[in-house]
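Please arrange chain F on chain W, whose structure you already have, making use of the hints.
Residue numbers (our numbering), protein chains in the order written: chain W, -11 to 101; chain F, 256 to 369.
Rather than coming from a laboratory, the hints here were simulated on the basis of the structure.
Treat the hints with caution; some may be incorrect.
Claimed, not checked - A few chain F residues facing chain W, derived, Cβ under 10 angstroms:
| hint | residue |
| --- | --- |
| 1 | V259 |
| 2 | Q261 |
| 3 | Y292 |
| 4 | I301 |
| 5 | L357 |
| 6 | V358 |
| 7 | G360 |
As the list claims (entries may be wrong) - Selected chain F positions facing chain W (in silico; Cβ < 7 angstroms):
| hint | residue |
| --- | --- |
| 8 | Q299 |
| 9 | L302 |
| 10 | R305 |
| 11 | N355 |
| 12 | K356 |
| 13 | F359 |
| 14 | A361 |
Claimed, not checked - Derived EDC-like pairs: lysine to aspartate or glutamate, alpha-carbon spacing no greater than 20 angstroms straight-line:
| hint | chain 1 | residue 1 | chain 2 | residue 2 |
| --- | --- | --- | --- | --- |
| 15 | F | K368 | F | E272 |
| 16 | W | K10 | W | E32 |
| 17 | F | K356 | W | E55 |
| 18 | W | K84 | F | D286 |
| 19 | F | K310 | W | D88 |
| 20 | F | K356 | F | D286 |
| 21 | F | K356 | W | E41 |
| 22 | F | K352 | W | E44 |
| 23 | W | K84 | W | E55 |
| 24 | W | K29 | F | E265 |
| 25 | F | K333 | F | E272 |
| 26 | F | K352 | W | D88 |
| 27 | F | K328 | F | D286 |
| 28 | W | K28 | F | E265 |
| 29 | W | K29 | F | D281 |
| 30 | W | K84 | F | E351 |
| 31 | W | K84 | W | E44 |
| 32 | F | K352 | W | E32 |
| 33 | F | K356 | W | E44 |
| 34 | F | K333 | F | E307 |
| 35 | F | K333 | F | E265 |
| 36 | F | K356 | W | D88 |
| 37 | W | K7 | W | D73 |
| 38 | W | K84 | F | E307 |
| 39 | F | K325 | F | E307 |
| 40 | F | K356 | W | E32 |
Where is the CB? At the ideal position from N, CA and C, for every residue including glycine.
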Amino acid sequence: ETGVTQTPRHLVMGMTNKKSLKCEQHLGHNAMYWYKQSAKKPLELMFVYNFKEQTENNSVPSRFSPECPNSSHLFLHLHTLQPEDSALYLCASSLKGSTDTQYFGPGTRLTVL
Amino acid sequence: AQTVTQSQPEMSVQEAETVTLSCTYDTSESDYYLFWYKQPPSRQMILVIRQEAYKQQNATENRFSVNFQKAAKSFSLKISDSQLGDAAMYFCAYREKYGNKLVFGAGTILRVKS
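Chain W extracted, bound-state conformation (with noise of 0.2 angstroms):
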């Protein structure tokens, strides 16, 4: 157990749900990410939070949508997903945003039916 929790591990969706995935680290860090695993691609980075603040979107579609109310949750709200969406959903955690390494949670394995 790294100290980042994610919830569910598992989700079954269609693609006119709503649902959202939760993050929480319990390591006093201040930086927290999303990234996507989908297979046969390289992990990708989504989004970056630095003190609650969003440093970074790569270019993610608006049916992803993250929220930080603090620095030790984030969420993930999903709205009209798309099959192709189904993946391992990662958060990550790290002291600070830019020279810390990233300690992972466990993902959440998201289907989009």
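Showing chain F alone in chain W's frame:
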């Protein structure tokens, strides 16, 4: 843009033997960080080892060591005395020194035979 290439989709090693996983990268930066992460079937991505580009000495962590060749932009991972628990997907990753973004390679599946 930086890229990371792992040319070995899959590798196998006998238990207690040594295996080397390859990684090359492309960057115009002179100072940066390189990482090896391990992702076992449980899916938890775990940091294995980290190398700072300005340090010439190769990083080591117990049975894990790297061969960092800056001029060749090569960053291979050597696992000595392989154990069954080493079986996982291994990802090589690059990050600019003052950047947030980790750029990952496609990964290498390591199988350990008993």
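List of violated hint numbers, smallest to largest: none
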